Amino acid sequence: MKVVSALIKRNVKLFFKDKGMFFTSLITPAILLVLYATFLGNVYRDSFTANLPEGLNLSEKLIDGLVGSQLISSILAVSCVTVAFCSNFLMVQDKANGTVKDLRISPVKPSLLSLSYYISTLISTLVICFTAAALCLVYTASVGWYLSVSDVFLLLADVLLLVLFGTALSSIINTFLSSQGQISAVGTIVSAGYGFICGAYMPISSFGDGLQKVIAFLPGTYGTSLVRNHSMQGVLGAMQEQGVPSEVIHELKDVLDCNLYFFGTKVAVPVMYVILGVTVAALIGIYVMLNILKKKDR
Amino acid sequence: MQDIIRIDHLSKSFGDVKAVRDLSFRVKEGELFAFLGVNGAGKSTTINILCGQLSKDSGSIRIDGADPDRNADQIKRGLGVVFQTSVLDSALSVRDNLESRAALYEITGAEFRSRVAELSELLELDELLGRAVGKLSGGQRRRVDIARALLHRPKILILDEPTTGLDPQTRKLLWNVIARLRKEENMTVFLTTHYMEEAADADYVVIIDSGKISAEGTPLELKNAYSGDFITIYGIDEDTVKSLGTDYERLRDAYRLSVPDTRAATELIVKHPEIFCDYEIMKGKMDDVFLAVTGRKLTGGDEQ
Chain A
1 MKVVSALIKR NVKLFFKDKG MFFTSLITPA ILLVLYATFL GNVYRDSFTA
51 NLPEGLNLSE KLIDGLVGSQ LISSILAVSC VTVAFCSNFL MVQDKANGTV
101 KDLRISPVKP SLLSLSYYIS TLISTLVICF TAAALCLVYT ASVGWYLSVS
151 DVFLLLADVL LLVLFGTALS SIINTFLSSQ GQISAVGTIV SAGYGFICGA
201 YMPISSFGDG LQKVIAFLPG TYGTSLVRNH SMQGVLGAMQ EQGVPSEVIH
251 ELKDVLDCNL YFFGTKVAVP VMYVILGVTV AALIGIYVML NILKKKDR
Chain B
1 MQDIIRIDHL SKSFGDVKAV RDLSFRVKEG ELFAFLGVNG AGKSTTINIL
51 CGQLSKDSGS IRIDGADPDR NADQIKRGLG VVFQTSVLDS ALSVRDNLES
101 RAALYEITGA EFRSRVAELS ELLELDELLG RAVGKLSGGQ RRRVDIARAL
151 LHRPKILILD EPTTGLDPQT RKLLWNVIAR LRKEENMTVF LTTHYMEEAA
201 DADYVVIIDS GKISAEGTPL ELKNAYSGDF ITIYGIDEDT VKSLGTDYER
251 LRDAYRLSVP DTRAATELIV KHPEIFCDYE IMKGKMDDVF LAVTGRKLTG
301 GDEQ
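Order-wise, the sequence lines are chains A and B.
According to this note's numbering, the residues represented by the first sequence are 1 to 298, in order.
According to this note's numbering, the residues represented by the second sequence are 1 to 304, in order.
Hints are computed from structural coordinates only; laboratory data are not their basis.
None of these values were measured; they are calculated from a predicted model.
Think of the CB as a built atom: it goes at the ideal place given N, C-alpha and C, for glycine as much as any other residue.
Check the hints yourself; a few may be wrong.
Unchecked claim - For lysine to aspartate or glutamate, the following EDC-like pairs were computed, each having C-alpha atoms within a straight-line distance of at most 16 angstroms: (1) A:K109 / B:D69; (2) A:K9 / B:E106; (3) B:K28 / B:E185; (4) B:K155 / B:E184; (5) B:K283 / B:D229; (6) A:K2 / B:D203; (7) B:K283 / B:E221; (8) B:K283 / B:D261; (9) A:K2 / B:E185; (10) B:K135 / A:D18; (11) A:K109 / B:D73; (12) B:K28 / B:D8; (13) A:K9 / B:D203; (14) A:K109 / B:E106; (15) B:K183 / B:D203; (16) A:K2 / B:E106; (17) A:K101 / B:D73; (18) A:K101 / B:D160; (19) B:K172 / B:D201; (20) A:K13 / B:E99.
Claimed, not checked - Simulated restraints on C-beta separations: (21) A:A37 / B:S137: 38 to 48 angstroms; (22) A:L290 / B:V17: 24 to 34 angstroms; (23) A:K109 / B:E118: 42 to 52 angstroms; (24) B:K212 / A:F176: 27 to 37 angstroms.
Claimed, not checked - A partial selection of chain A residues facing chain B, derived with a Cβ cut-off under 8 angstroms: (25) V3; (26) G98; (27) K101; (28) R104; (29) V108; (30) P110; (31) S114; (32) L177; (33) Q180; (34) G181.
Turn these sequences into a full structure, and let the hints guide you.
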């Protein structure tokens with residue numbers, strides 16, 4: 001246990017001291033902030049107000065709360081995965097610069113090395129994502145707070161689940177990488193691509209039917225939807241109380257990806273938890289198997 | 001002295017490339033063993049197999065009586081390795097690096113602090129402990145690499161070109177430390193180097209070329225077998241040197257005669273005592289041995 005905790009300490013320290021890795025992990029959330037600050041926030045604001053029934057005027061605070069909660073859900077959904085990938089790049093960096101040789105000439109078991117990478121990525125990512133969640137909640141309070149205590153806890157649980165998912169997925173993919181060039185390529189693809197396919201940059205509902213069906217097979221999609229549901233259900237409930245018809249709320253939930261459909265069938269929130277939970281368990285299982293089956297370099 | 005490393009008929013290929021071919025040699029406990037060869041000769045492959053980083057195709061290895069395939073952990077506890085290039089974490093301090101590596105051998109807490117204090121004294125690391133490894137000079141970093149390799153008091157220290165690019169002062173410090181450890185702890189040192197003067201101090205030398213052993217023996221045996229002797233003679237003119245009928249080379253204030261061996265040198269001196277008033281006899285250098293064995297020179301990292 002001493003060995004694993006020493007390795008975890010080393011890995012976490014390295015991640016936070018390596019400015020390259022640390023700041024790369026914040027690129028996607030930064031892109032989202034810029035997108036919302038420049039035009040996306042206004043686009044959504046206009047879209048919400050344009051679709052409201054005639055004669056119904058909602059308070060500015062409510063509209064701000066709606067746009068703000070969409071922003072924070074996007075940031076959190078995407079950060080949990082991209083930060084996990086960047087944090088886990090240490091595993092590849094150790095291979096690329098030869099450090100792993102130094103670790104492997106010691107009597108420490110390869111499985112413990114792999115476990116230390118997994119746990120340290122989990123810790124680093126959770127630190128960043130929970131800090132981001134706290135900042136997001138402060139932001140929400142400043143633009144319009146509609147969350148209940150249970151919403152906050154469920155939101156944090158969603159973050160935890162998504163971080164577990166991102167860490168397990170990145171651990172598997174990074175197992176096959178071994179050079180700095182591969183790190184850059186995968187980092188770029190994940191940072192840019194994951195924001196789209198998880199519906200953080202644009203709601204999945206705005207994609208074509210075919211693409212929506214493909215994305216429905218990706219477990220991360222349900223993680224985004226969970227975050228959306230728990231960050232927005234308060235503000236949507238407040239809208240309903242201010243007289244927005246339930247059909248309009250339902251439509252808004254569809255547009256905002258709070259409701260997801262798998263080939264036309266609505267996926268309930270508990271089912272989303274099951275999908276994500278089973279996926280995390282399966283990915284960790286695959287990672288463990290990869291490490292058990294991994295033999296000495298030939 | 002008993003064998004601490006026994007390698008018999010070791011072979012390893014990467015695809016069509018035969019990196020190591022039927023290699024057999026012994027390393028005695030406590031000796032300085034030099035393993036020489038040009039780049040690509042198979043040195044690193046052999047070391048990687050010894051350290052359990054690579055699997056062998058065939059042959060057998062025993063390190064301190066244990067088989068790396070079956071008792072890898074036991075062997076790793078007795079091996080310290082200084083790699084060609086530093087593999088420590090540049091962003092972390094020297095102390096953090098040593099702490100994380102010591103923990104791999106379950107050396108923590110007071111035991112770690114005590115060991116670091118010993119190594120700091122030995123390698124003059126006191127002022128470096130709080131500094132980031134990435135900010136150290138090449139020589140300072142090398143001292144830290146050696147401290148890392150010695151953390152767990154290994155029985156065998158593998159030095160893979162440890163002094164390449166180092167300043168003379170750091171090289172001297174390094175060799176003093178190694179000499180002290182060999183004397184006080186009977187540590188075996190397995191050395192690969194491009195500096196032939198370092199190999200000349202070894203107890204036993206193996207030269208490999210294209211994965212096979214080309215020559216082996218003590219430096220004296222190798223010099224006797226592969227290089228002649230030299231007599232440097234002072235205070236005579238060139239005509240007198242010519243009269244000896246031997247190959248010679250003109251130096252600034254002397255002439256250097258080449259003779260096949262020490263016996264021939266003695267015969268020459270006995271035959272012309274009036275000429276040999278001020279002279280010295282030297283064995284050939286390990287550079288000459290290496291050149292004679294492989295047909296190539298090793299000069300500070302590059303083959304020629």
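Against the structure, the hints come out as follows:
no. : hint                                : verdict
1   : A:K109 / B:D69                      : holds, 14 angstroms
2   : A:K9 / B:E106                       : holds, 15 angstroms
3   : B:K28 / B:E185                      : holds, 14 angstroms
4   : B:K155 / B:E184                     : holds, 12 angstroms
5   : B:K283 / B:D229                     : holds, 5 angstroms
6   : A:K2 / B:D203                       : violated, 40 angstroms
7   : B:K283 / B:E221                     : holds, 11 angstroms
8   : B:K283 / B:D261                     : holds, 8 angstroms
9   : A:K2 / B:E185                       : violated, 28 angstroms
10  : B:K135 / A:D18                      : holds, 14 angstroms
11  : A:K109 / B:D73                      : holds, 9 angstroms
12  : B:K28 / B:D8                        : holds, 15 angstroms
13  : A:K9 / B:D203                       : violated, 42 angstroms
14  : A:K109 / B:E106                     : holds, 13 angstroms
15  : B:K183 / B:D203                     : holds, 14 angstroms
16  : A:K2 / B:E106                       : holds, 7 angstroms
17  : A:K101 / B:D73                      : holds, 15 angstroms
18  : A:K101 / B:D160                     : holds, 13 angstroms
19  : B:K172 / B:D201                     : holds, 13 angstroms
20  : A:K13 / B:E99                       : holds, 13 angstroms
21  : A:A37 / B:S137: 38 to 48 angstroms  : holds, 46 angstroms
22  : A:L290 / B:V17: 24 to 34 angstroms  : holds, 28 angstroms
23  : A:K109 / B:E118: 42 to 52 angstroms : violated, 28 angstroms
24  : B:K212 / A:F176: 27 to 37 angstroms : holds, 35 angstroms
25  : V3                                  : holds, 6 angstroms
26  : G98                                 : holds, 5 angstroms
27  : K101                                : holds, 6 angstroms
28  : R104                                : holds, 6 angstroms
29  : V108                                : holds, 5 angstroms
30  : P110                                : violated, 11 angstroms
31  : S114                                : violated, 14 angstroms
32  : L177                                : violated, 18 angstroms
33  : Q180                                : violated, 14 angstroms
34  : G181                                : violated, 19 angstroms
Violation of the numbered hints given earlier is confined to hints 6, 9, 13, 23, 30, 31, 32, 33 and 34; the remaining hints are satisfied by the structure.
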